[in-house]
Amino acid sequence: TKPTVSLPTWKSVLDGLQYTTPSSSSETPSPHTPSSTLYTPSKHQINQLIHNYLSTSAHYEALKTFERESGLVRQHQELRDNSMRDEDDDHQMMDMMHHHDDTTTFSSSSYDESFLKQRDSIREHIHHGRLEEAITRLNELDPQIMSQNKQVSFHLKRQQMIEMIRHGKISEVLQFAREQMKYETNLVFQKEIEDTMTLLAFSGADNSPVSDLMSLDKRQETAALVNGAMLEARNEVSQPELPKLLRLLDWGQEQLAQKMHFPMIKDFETATLEEPM
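Quick note: the sequence shown, position 128, residue 128 per my numbering, numbers continuous.
In silico EDC-like pairs for lysine to aspartate or glutamate, Cα to Cα no more than 20 Å straight-line:
1) Lys11 / Glu274
2) Lys150 / Glu140
3) Lys218 / Asp120
4) Lys169 / Glu179
5) Lys117 / Glu140
6) Lys259 / Glu274
7) Lys11 / Glu254
Simulated DEER-style distance windows between Cβ atoms:
8) Met260 / Asp142: 45 to 53 Å
9) Lys266 / Arg130: 29 to 37 Å
10) Glu69 / Phe202: 40 to 48 Å
11) Leu141 / Gln255: 35 to 43 Å
12) Lys266 / Thr185: 40 to 48 Å
13) Ala201 / His261: 42 to 50 Å
14) Lys11 / Glu254: 16 to 24 Å
15) Glu194 / Thr40: 45 to 53 Å
Hint data in this document are derived by calculation from the structure and do not stem from the laboratory. Glycine is no exception: its CB is placed at the ideal position from the N, C-alpha and C atoms.
Make the full structure from the sequences, and use the hints.
Set out below in structure tokens:
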């Protein structure tokens, strides 16, 4: 039977730990070695994480507002892509957080503001269902993305079909499917086309077993795919660092949960500790 730690006890344990910010790598506790010392990033480093998220995810206006309100001065320096390219190893991010001081600037594509504005515009068009405009701007930016990246090309076209269905353009959807999707041989893509066409068989999206295709989340998923492709086309890091840290936190909780019952963060938006069941 696994031991259970109550919320008050868990908070007292956390409060009893010594929080320090190491000034050198020699003071950094190993992530693989138990320690009573926790590393806490500085406000500057947290600001850099937020800056990295907004810039990589192509939120230009939000980024400029954050820069003004936080007083963050962006440092123009070489992008350190090599230290962050391996997205499968989240320990790299933790090591980087440990071994860099307050001057750390996370690799960010926002140094090219023109490119950031273009990505933001394309993301906005997709988010609001304006797929033709998004595809036009994407081709103006880099026509090779649509011609060489089959994932991006297919999902943009599929999103076009979804938007047509959303606005009741049934004949246009059928014509578009015949002209644009007829020769698709990828079995996964074929299944996704079938799922999309299933929407036509129901009077309302809520009644369809694939109603999630009509959600705004689907638009955001498509926009994120396209944004990542634009960054990769320029050999830039395509994923922000903050979600990686959240995945690392989630993984750490799952590992600890195998050994004990303890208060967990289940809602990362509020970061509220919940009593163990």
